[in-house]
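Chains as they are written, first to last, in this note's numbering: chain A, 1 to 190; chain B, 1001 to 1329.
Mixed in with the good hints, there may be bad ones.
Said to hold, decoys possible - In silico lysine to aspartate or glutamate, DMTMM-like type, Cα no more than 25 Å apart, as pairs:
| hint | chain 1 | residue 1 | chain 2 | residue 2 |
| --- | --- | --- | --- | --- |
| 1 | A | Lys142 | B | Glu1247 |
| 2 | A | Lys185 | B | Glu1036 |
| 3 | A | Lys118 | B | Asp1039 |
| 4 | A | Lys162 | B | Glu1103 |
| 5 | A | Lys162 | B | Glu1013 |
| 6 | A | Lys185 | B | Asp1039 |
| 7 | A | Lys185 | B | Glu1013 |
| 8 | B | Lys1017 | A | Glu188 |
I should point out that these hints are in silico values taken from the structure, not numbers from a laboratory.
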Amino acid sequence: MTTQTVSPPDTIRFLEEVSAATAGVSRLEMCIQCGTCGGSCPSSSDMDHTPRMLFAMIRAGMREEALRSNTPWICVSCYHCTVRCPQGVHIADVMYTLKGMAIRAKLYQDSTAPDFSKTFVDMVEEYGRSYEFGLATRHYLKHFPLRLPSMTPMGLGMLSKKRMDISPRRIEGIEQLTAILSRAKELEAA
Amino acid sequence: MTHYLFYPGCSMESSAKAYYDSLMAVCKPLGLDLQEINDWNCCGATEYVSISLTPAYALIGRNLALAEQQANGSRTVVAPCSACYLNLAKADYYMRERPVLGEKVNTALAAGGLHYDPGSLVIRHLLDVIINDIGLDKVKEKVTRPLTGLRLAPYLGCMAPRPDYDHRWSNPEYPTELDRLLKVLGAEVIDFPLKTHCCGGHMTQIAPSTAFELIRRLVHAADQYHADLMVTLCPMCQMNVDAFQGEMNNHFHTDYHMPILFFTQLIGLAFGIDPKELGFGKELVSAGPALARIGVEAPAGEKGGEPPRKPKKTDGLPMPRMMEEERLP
Ligand code: SF4
Ligand code: SF4
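Start from the sequences and build out the full structure, keeping to the hints where you can.
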């Protein structure tokens, strides 16, 4: 009798890739498919796949489908799933990982969220601080021009109450920060 | 005086100025000495980490390294913003949990002549420090103007009590810290079932209808419980519930007016500090009527309570000139 050997490399590779790209120890391989995460999620009704299903897809090596899913983009990082998961899977952080991988593979369906993150990061890299006014104007003009009229009272309120700075502040050590971030980017690419 | 290193975070300088002002006003009576980390940078919010992992953690790492350099006497970093708190705490935790991340972050930091030893600082949220270090007895001692008659909904949001890797909160889903504090101030505190539900986070910028539904649930619940105000400890929660409440109302054709203030503003009020020093009036959904009910006359803010319903004609988004004119001496 011969034992059939199923070669796992492709499927395992994707799971490992996701784990390796996650900040802490993801524990993704420990998922027991109990569904607690989806049942705890405030925004699961807007998701293509529940977190549980998404993790099953990752385990099955369904790379493209997983990276095309809107699920990580709908995740609001509330960590309800994370504190309830019986296996201690770092679910919210895995969602961040999948967003990054989807951006690099250009597999996201809607560019609003990736653009917002990129614009935010551009400002932080430029000034060392976030810059709400610049971020809001650039982002809304590009993605929500039709929303602007209904947002005007809010924007005016924020300005008149001095809750939004018109000009950005730059940290003193911006060159130091730039050096740190360029080295970090090299490490990330390696 | 208890000494701490202090990481204010970007929003304390702008959208959450009321949080900053009121915190500064209550530091002295609470005996809190906050030493700001010199030249700190943004923590990356919830954005940088979805773009690229190592740079995101190196960005946070610079703050930790600067704080470690500056640490003398205190190794505790206090952050008032929940998102900043979580980012700093997670970076410290994950650098310990996964040494390869720690090495990468430190290789990057070395390019700027910096280094951080994971675990060498203790990262804590402001409310945790007030409850567990300063203590409610001390808070109670300073109350000169109890908030009797004010009905409050304690709202913590997600990122302070969760994921709580270092077990600092009484419960990740139903913590009682904020409730206890507000009771000591003399207020009536409702048992708010949505106290750690999500405010929508950055979804107000990305998928507004998703965010509006989350905001609606919060203000609806607070309203059903007849809360006068919601009380928060997070600039993002305050911003979403306050500044986007109008748009949320338009979206659902509702008419909620649920003000949301920072817990430090209420501490200051109960301590008898002049409301002018506590950032009242900066909220877009005015807390004035609620405070008037307990005899507090809070300033209406620079331009009246509510934002104008019919703004004067503008070229789209608000004009920079307004602010600059106001800044002139
Ligand atoms: S809660 Fe944890 S173990 Fe259960 S399905 Fe979700 S990730 Fe898997
Ligand atoms: S962290 Fe994300 S996936 Fe988990 S419950 Fe919250 S929104 Fe859902």
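Quick rundown of the hints versus the structure:
no., hint, in the structure
1, A:Lys142 x B:Glu1247, "19 Å, holds"
2, A:Lys185 x B:Glu1036, "28 Å, violated"
3, A:Lys118 x B:Asp1039, "23 Å, holds"
4, A:Lys162 x B:Glu1103, "41 Å, violated"
5, A:Lys162 x B:Glu1013, "10 Å, holds"
6, A:Lys185 x B:Asp1039, "22 Å, holds"
7, A:Lys185 x B:Glu1013, "29 Å, violated"
8, B:Lys1017 x A:Glu188, "36 Å, violated"
In terms of the numbered hints stated before, the structure departs from hints 2, 4, 7, 8, listed from lowest to highest.
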